[in-house]
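Residue numbers (the working numbering), protein chains in the order written: chain X, 489 to 596; chain D, 175 to 396.
In short, the hints are calculated from the structure, not lab data. Hints may be right or wrong, so weigh each one.
As the list claims (entries may be wrong) - Calculated pairs, EDC-like style, for lysine to aspartate or glutamate (alpha carbon to alpha carbon, straight line, at most 16 Å):
(1) K532/X x E236/D
(2) K532/X x D179/D
(3) K532/X x E229/D
Predicted model only: the values in this text are computed from it and were never measured.
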Amino acid sequence: MTSSRDLKGQLDVMLLAVIASGERYGYAIIRSLQQRSNGRFAMKEGTVYPALHRLEDAGLVMSRLEPVDGRQRRVYELTGPGRASLVEQRAAWDDYAASVTAVLGLST
Amino acid sequence: MTTPDPIDDYLGDLRHRVRLRRNAARLVEDAEEHLRSVQQTHIDAGLDPTSSAVEAIARFGEPRDIAAASPRAGGRLGLQIARAGMPFLAVGFVGVGVAGLMATVIASVAGADRIAALAAIQLALGFVGVSLIEARRRRIASGVDLSTPGITPTVVATTAAILSAALSAAWFVGATVLLLHDQHHDSTNAWLMALGLAAASIWIAIAPGARPSVRREAPAGG
């Protein structure tokens, strides 16, 4: 299991990517993150919420409450700046990954 | 008979751990919604309610780890306290206006010897105002949690509300008595009232802490 501390720096962009595929509530976001990483990123679920709040404070996601089974469930969706940030961070990651891959390829 | 609910116990611990963190109230709300959802998922899969709750908590993580992942409130704490106090200040000043109007009417109709009746009216206004604000504040959850460990938030909130009401009422009465006996009507009394309301506002903003925690009946079968 990878902890959220190990993912520091990448957790935010991964959350943006998950939320970009459709508005979701917290538990669904966490499950999607785990499924997309084949269980590799199965961090303690509670540590994801501070990251979601951080993204909301930054204006990259927004949330609203929806009544479900007598409870209030908070649903998250991406904002315009959030989509722009995701595009930018994806491009930066692609560049970084390509560079690392190139270096690793040369070393073998 | 009430069965201890592991999720309620966990939320109490979490509430204390994150009380000085940014978005403290949101963290606790999100945690409760998450834990109840996961618990229900396990129950639907055939697990008993208590084991479901324990499993959900284990996956959620230790409160200290969640607190460590959350930024400190920092300068926002002061802003949150100010926001929490603003509605009280607003209602308080409306109360001053209403009390002043009543004082004028009563003094002109019945003379200034009805101060005792006026004081009673002001006392009631103070209590109603504080009660309304406290009720609203609990609903909107200001995000400020300064509750004292070992004392339930409900007790702290209720005590603070009563003390605030008493403080506010004392200032209302004292300032109005001065106003009615002051032939010069200088601005000192208005400042006294404003100071009293500000003090009461700060007190009620920081003392009650979190919303009251409501202990739930654990689902049957656990």
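Can you name, in rising order, the numbers of the hints this structure does not satisfy? Number 2 only.
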